[in-house]
Amino acid sequence: MKKEDLILVNITKPDIVSNDKAYRKNRKGVKIMKKIEAIIKPFKLEEVKDGLSRMGVKGMTVTEVKGFGRQRGHKEVYRGAEYQVDFVPKVKIEVVMDSKLVPQAIALIQEKARTGKIGDGKIFVIPVEEVVRIRTGETGKEAI
Amino acid sequence: MEYPAEQLKTSRQQLITLFTTGLNVKSFPEENTALIDQYFQDSLQESLVGRALHQQGIPYAFVAMGGYGRRELCLHSDIDIILLFGKKVPLQAKTLMQEILFPLWDLGLDLGYGTRTIKDCLSIAKIDFEVLTSLLDARFIDGEYPLYLDLIEKLYKKVLSKKSHALRLWLIEKDKKRLDTFGDSSYLLEPNLKEGIGGLRDYHHMLWLAKASVGPRETHDQAFRARLSYQEYQDLRQHVSFLLNIRNHLHLLSHRRNDRLTFEYQAEIAQRLGLRDQKKSLAAEQFNSLVHATMAALKSLSRSFTAGLFLTTKKGRNIKQIRQISQGLTVDKGELGFDAARAILKNPSLLIAIFEYSARLGYPLSLEARRLVREFLYLVDDSFRQSKTIVGSFETILTQSSHTFETLSQMIDVGFLDSFIPEFGRIRNRVEFDAYHIFPVGIHSLYTVKYLKELSGADHELLHDLFVEISHPERLLWAGLFHDIGKSKGNHAHSGAAITNTILKRFGYDKDGIQDICFLVRYHLLLAETATRRDLNDEKVIVQCARIIGSVELLKMLYLLTWADSRATGPKAWNDWIANLIRDLVFKILHILERGELATRDASRKVEHIKSEVRKHIVPGTQENDLEASFERMPSRYLLNTSPQEIVRHLGMAIRLKAMMQARETQLEGNAGEDIFIFETRKDKVGNCWEITIVAKDRPGLFANIAGVLALNTINILSADIYTWRDGTAVDVLRTANPLDDLFVKEKWAKVQEELANVLTGSLSLESSIGNKETHRHSAGFKKLLRVPDVVVDNESSDFFTIIEVYSNDHVLLLYRITHALFDLGLDIHSARIATKVDQVVDVFYVRDLEGQKIEDDERVKEIKRTLLKQLKHL
Chain A
1 MKKEDLILVN ITKPDIVSND KAYRKNRKGV KIMKKIEAII KPFKLEEVKD
51 GLSRMGVKGM TVTEVKGFGR QRGHKEVYRG AEYQVDFVPK VKIEVVMDSK
101 LVPQAIALIQ EKARTGKIGD GKIFVIPVEE VVRIRTGETG KEAI
Chain B
1 MEYPAEQLKT SRQQLITLFT TGLNVKSFPE ENTALIDQYF QDSLQESLVG
51 RALHQQGIPY AFVAMGGYGR RELCLHSDID IILLFGKKVP LQAKTLMQEI
101 LFPLWDLGLD LGYGTRTIKD CLSIAKIDFE VLTSLLDARF IDGEYPLYLD
151 LIEKLYKKVL SKKSHALRLW LIEKDKKRLD TFGDSSYLLE PNLKEGIGGL
201 RDYHHMLWLA KASVGPRETH DQAFRARLSY QEYQDLRQHV SFLLNIRNHL
251 HLLSHRRNDR LTFEYQAEIA QRLGLRDQKK SLAAEQFNSL VHATMAALKS
301 LSRSFTAGLF LTTKKGRNIK QIRQISQGLT VDKGELGFDA ARAILKNPSL
351 LIAIFEYSAR LGYPLSLEAR RLVREFLYLV DDSFRQSKTI VGSFETILTQ
401 SSHTFETLSQ MIDVGFLDSF IPEFGRIRNR VEFDAYHIFP VGIHSLYTVK
451 YLKELSGADH ELLHDLFVEI SHPERLLWAG LFHDIGKSKG NHAHSGAAIT
501 NTILKRFGYD KDGIQDICFL VRYHLLLAET ATRRDLNDEK VIVQCARIIG
551 SVELLKMLYL LTWADSRATG PKAWNDWIAN LIRDLVFKIL HILERGELAT
601 RDASRKVEHI KSEVRKHIVP GTQENDLEAS FERMPSRYLL NTSPQEIVRH
651 LGMAIRLKAM MQARETQLEG NAGEDIFIFE TRKDKVGNCW EITIVAKDRP
701 GLFANIAGVL ALNTINILSA DIYTWRDGTA VDVLRTANPL DDLFVKEKWA
751 KVQEELANVL TGSLSLESSI GNKETHRHSA GFKKLLRVPD VVVDNESSDF
801 FTIIEVYSND HVLLLYRITH ALFDLGLDIH SARIATKVDQ VVDVFYVRDL
851 EGQKIEDDER VKEIKRTLLK QLKHL
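So the sequence lines, in the order shown, correspond to chains A and B.
Number 30 in my numbering belongs to position 30 of the first sequence; there are no gaps in the numbering.
Number 712 in my numbering belongs to position 712 of the second sequence; there are no gaps in the numbering.
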């Protein structure tokens with residue numbers, strides 16, 4: 001078996017950010033939300049999207065992005081001309097959800113997006129202070 | 001004043017109800033106009049101010065302007081009127097206006113109004129052409145008719161006669177602005193019915209130009225008839241009425257004046273028009289096709305109408321310069337025409353010849369020539385469509401000219417392309433109901449050809465190079481024209497290839513050409529789909545693509561077609577991001593094809609044969625799907641180099657392994673199954689040596705352990721094939737060099753198995769056991785040096801693996817030393833081929849690091865060489 005490619009999961013723990021406004025709201029028992037940002041391989045998008053939908057996630061933002069981490073771009077030479085690929089094409093998914101769902105969502109993305117090879121991507125979890133639905137003015141979880 | 005307004009309200013409501021329920025759909029704008037007219041007439045009858053004015057002898061007239069004047073009032077259209085007076089606007093005018101107009105506002109109608117004298121009207125019309133055109137639509141409603149006539153007479157005499165040329169220029173300028181605003185791709189699928197290209201505005205422009213070119217007393221029907229054939233005029237009326245009808249539906253649904261046919265309303269309006277979803281196309285798609293066809297036709301009519309007008313004016317001033325360019329064809333002021341209509345009858349090939357010249361010279365067909373082509377389309381019959389010369393001319397247009405796009409567009413405009421290739425007619429106006437495709441299929445195909453042709457210019461370096469290199473660009477262009485021709489069928493690439501085949505056979509096209517073109521049509525989505533949906537770091541994916549494509553030439557064409565097709569689809573289908581993915585894929589396929597190991601035609605045939613043999617061996621019905629899935633898991637090299645019988649055997653071993661692993665998991669005790677492996681041995685019939693097959697879950701160092709245990713038992717490995725399936729199953733087949741003692745052979749294998757299990761769980765240390773062994777061997781003093789050991793690290797030959805080749809003298813410990821060193825270096829052996837010739841060993845390892853990457857860092861490569869060479873020298 002290959003050594004597992006580490007997928008970094010950055011979860012901001014509430015006790016570390018005790019000054020955080022979102023956290024204070026939290027303590028008063030007001031709803032808390034997180035944003036999950038996942039950078040994944042393009043061909044894994046469908047699986048991850050389907051998985052999240054099945055989990056009950058109602059909406060997501062998907063962006064075609066380019067970048068590099070430990071997986072670098074490469075160079076091709078054709079008829080003497082060089083074609084350099086500096087950045088590797090990836091897909092970024094952004095989903096805001098009730099923080100209770102976050103562990104499940106992380107597990108799901110990790111399961112669906114994993115190939116075991118380099119470049120599988122990363123998942124970031126970010127606290128969200130507020131969500132407002134523009135049309136109705138609803139806020140908080142209702143607005144997700 | 002209540003009564004007329006009440007009446008209007010009721011009758012208007014009735015009209016809307018009728019419209020909503022699908023009755024009187026066609027005549028809504030006219031009936032709506034009539035209702036408003038009626039209101040004005042009724043109100044004036046009762047108006048006190050109106051009567052007073054009459055008694056004072058002050059003439060006045062209510063005049064409808066703009067859309068109201070043209071009787072084109074949709075549900076929420078503006079109602080523009082002017083209250084016209086002779087010389088002076090009397091004081092009562094304001095009261096009269098209020099009296100008549102306020103109730104309309106109360107009904108929620110949108111009104112635009114003005115109170116003017118004839119002189120006012122004329123002086124504004126001279127400087128503001130918006131007002132002028134609006135006055136051209138003027139229509140008398142009520143009041144003093146002579147006053148209205150006076151206005152119109154003067155408008156023609158004093159304004160139009162002097163300004164008609166300026167008006168034309170102004171309209172051309174307006175058209176340009178419209179093209180800038182509404183020619184934008186986003187409007188192609190969500191057209192603006194009024195201002196959009198081919199919208200009602202085009203009709204209005206024709207109308208104004210027609211009016212400006214005739215006298216005031218002629219009806220605009222007469223004006224049109226001078227320039228349009230009977231059929232063209234009928235078509236025009238039909239298109240306008242269709243667009244007005246849709247526009248009215250749009251107003252009704254969006255509850256406001258709205259001319260943009262956005263997605264949200266398309267499906268609903270389609271339903272209301274009685275279109276229903278069908279297998280081949282959604283109602284909304286059929287609807288879009290209709291709208292597009294109508295707008296395209298209107299655009300075409302308006303263009304030729306306008307061009308015709310300008311031609312006549314120029315003709316008057318210039319001397320005739322008709323020049324004959326070939327038998328039956330002429331050029332007149334940069335436009336192509338026929339000598340005489342009779343010439344076409346005698347020689348139907350003139351119908352394509354005129355396009356050939358148009359493509360070569362870049363001149364458009366004259367209005368008259370277009371009309372003639374249309375009239376004579378019946379000459380395009382089966383024998384015309386099969387004629388080699390005609391097809392040759394068409395191919396010349398497709399390939400040789402730099403005006404291909406314009407010429408093909410003209411062919412579509414006049415219906416020639418539909419007649420010549422009826423299959424194309426079926427998809428021409430088809431619109432895909434999504435935000436992805438911005439053009440209907442016909443135009444999209446033309447753009448694909450256009451982009452391909454532009455490649456011979458230099459903008460896109462790589463694509464340009466590839467285009468120049470391909471030996472049959474005409475095949476690529478045909479494929480560009482036909483790639484979506486199967487769009488009305490389910491799998492459009494698949495059925496498109498069949499349709500293309502039919503067309504090209506009819507053309508009498510050569511066999512190789514047909515094969516290539518059909519291939520390109522059939523697989524035009526392959527690259528884009530693979531690049532976005534499959535793992536490009538999986539060699540098997542690339543090899544499968546390479547096998548489908550089969551040759552570098554076809555790969556190049558397919559890449560170019562993919563690029564042009566995506567670009568012609570719209571900005572969402574082609575961007576830097578996807579371009580990178582596809583280019584990456586293409587290079588990888590190219591490398592596989594160029595190396596010719598895995599994807600030659602022979603290789604593909606052999607693999608298919610092996611697969612079908614394996615299928616025969618498996619009990620039918622039991623595990624067909626499993627078997628296909630297993631094929632997917634097997635690496636390309638394995639499938640190519642392993643016999644069907646062996647594959648069947650390995651599959652059986654893999655199933656047993658899986659069962660054992662599962663059993664261990666459920667027991668929930670001991671280790672996770674590191675010591676589980678399937679071990680089989682058998683005696684080679686020919687060589688009197690043994691073959692060992694080990695199937696186990698792959699892990700780094702597995703092969704080093706196997707080699708080590710065998711070395712420990714002094715079993716020399718002559719050759720070996722090592723594979724890792726995609727699901728992480730390692731299949732290692734080793735052949736021993738030396739015959740074993742037949743008496744104790746069972747015991748020997750049992751010992752090997754036991755030791756291997758111990759090594760795998762860690763209870764036996766290979767290093768120390770082998771250390772003992774080595775001293776033992778050394779004391780035997782048996783050593784001969786035949787060649788200098790060598791290590792080659794090759795990163796060029798594969799996009800997926802670093803290939804390490806080891807040349808050395810044979811030694812019982814050799815394989816263990818090398819593989820152990822590779823393990824220590826953090827390399828994972830994906831597959832390997834071990835071979836021995838006499839005493840010479842050639843080992844080839846396909847390796848990656850533990851993250852699945854090739855080892856490309858120079859320092860690392862040097863370290864690998866150094867380490868391996870050190871091991872070899874120690875033996």
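Hint data in this document are derived by calculation from the structure and do not stem from the laboratory.
Backbone N, C-alpha and C define an ideal beta-carbon position, used for all residues, glycine too.
Be a bit skeptical, because a hint or two may be false.
Stated by the list, open to error - Restraint ranges, calculated between C-beta atoms of paired labels, are given here:
| no. | chain 1 | residue 1 | chain 2 | residue 2 | range |
| --- | --- | --- | --- | --- | --- |
| 1 | B | LYS279 | A | VAL65 | 50 to 58 Å |
| 2 | B | GLU264 | A | ALA143 | 16 to 24 Å |
| 3 | A | VAL131 | B | GLU264 | 22 to 30 Å |
| 4 | B | ALA340 | A | GLY80 | 35 to 43 Å |
| 5 | B | VAL792 | A | VAL131 | 17 to 25 Å |
| 6 | A | VAL65 | B | GLU628 | 30 to 38 Å |
| 7 | A | GLY56 | B | GLN7 | 37 to 45 Å |
| 8 | B | TYR378 | A | VAL65 | 28 to 36 Å |
As the list claims (entries may be wrong) - Keeping only pairs whose Cα atoms sit at most 25 Å apart, straight-line, the calculated PhoX-like set for lysine-lysine is:
| no. | chain 1 | residue 1 | chain 2 | residue 2 |
| --- | --- | --- | --- | --- |
| 9 | B | LYS697 | A | LYS112 |
| 10 | A | LYS75 | B | LYS865 |
| 11 | A | LYS75 | B | LYS854 |
| 12 | B | LYS862 | A | LYS117 |
| 13 | A | LYS49 | A | LYS35 |
| 14 | B | LYS280 | B | LYS489 |
| 15 | A | LYS58 | B | LYS157 |
| 16 | A | LYS49 | B | LYS572 |
| 17 | A | LYS141 | A | LYS66 |
| 18 | A | LYS117 | B | LYS658 |
| 19 | B | LYS333 | A | LYS66 |
| 20 | B | LYS157 | A | LYS66 |
| 21 | A | LYS75 | B | LYS697 |
| 22 | B | LYS450 | A | LYS92 |
| 23 | B | LYS751 | B | LYS658 |
| 24 | B | LYS126 | A | LYS122 |
| 25 | A | LYS117 | B | LYS854 |
| 26 | B | LYS94 | B | LYS177 |
| 27 | B | LYS88 | B | LYS157 |
| 28 | A | LYS66 | A | LYS49 |
| 29 | B | LYS280 | B | LYS450 |
| 30 | A | LYS112 | B | LYS280 |
| 31 | B | LYS697 | A | LYS117 |
Evaluation of the provided hints:
no., hint, result
1, LYS279(B) to VAL65(A): 50 to 58 Å, "39 Å, violated"
2, GLU264(B) to ALA143(A): 16 to 24 Å, "23 Å, holds"
3, VAL131(A) to GLU264(B): 22 to 30 Å, "25 Å, holds"
4, ALA340(B) to GLY80(A): 35 to 43 Å, "57 Å, violated"
5, VAL792(B) to VAL131(A): 17 to 25 Å, "59 Å, violated"
6, VAL65(A) to GLU628(B): 30 to 38 Å, "35 Å, holds"
7, GLY56(A) to GLN7(B): 37 to 45 Å, "56 Å, violated"
8, TYR378(B) to VAL65(A): 28 to 36 Å, "57 Å, violated"
9, LYS697(B) to LYS112(A), "22 Å, holds"
10, LYS75(A) to LYS865(B), "24 Å, holds"
11, LYS75(A) to LYS854(B), "14 Å, holds"
12, LYS862(B) to LYS117(A), "24 Å, holds"
13, LYS49(A) to LYS35(A), "15 Å, holds"
14, LYS280(B) to LYS489(B), "6 Å, holds"
15, LYS58(A) to LYS157(B), "67 Å, violated"
16, LYS49(A) to LYS572(B), "19 Å, holds"
17, LYS141(A) to LYS66(A), "31 Å, violated"
18, LYS117(A) to LYS658(B), "23 Å, holds"
19, LYS333(B) to LYS66(A), "53 Å, violated"
20, LYS157(B) to LYS66(A), "67 Å, violated"
21, LYS75(A) to LYS697(B), "35 Å, violated"
22, LYS450(B) to LYS92(A), "34 Å, violated"
23, LYS751(B) to LYS658(B), "24 Å, holds"
24, LYS126(B) to LYS122(A), "68 Å, violated"
25, LYS117(A) to LYS854(B), "11 Å, holds"
26, LYS94(B) to LYS177(B), "37 Å, violated"
27, LYS88(B) to LYS157(B), "21 Å, holds"
28, LYS66(A) to LYS49(A), "19 Å, holds"
29, LYS280(B) to LYS450(B), "28 Å, violated"
30, LYS112(A) to LYS280(B), "34 Å, violated"
31, LYS697(B) to LYS117(A), "17 Å, holds"
Comparing the model with each numbered hint stated earlier shows that hints 1, 4, 5, 7, 8, 15, 17, 19, 20, 21, 22, 24, 26, 29, 30 do not hold.
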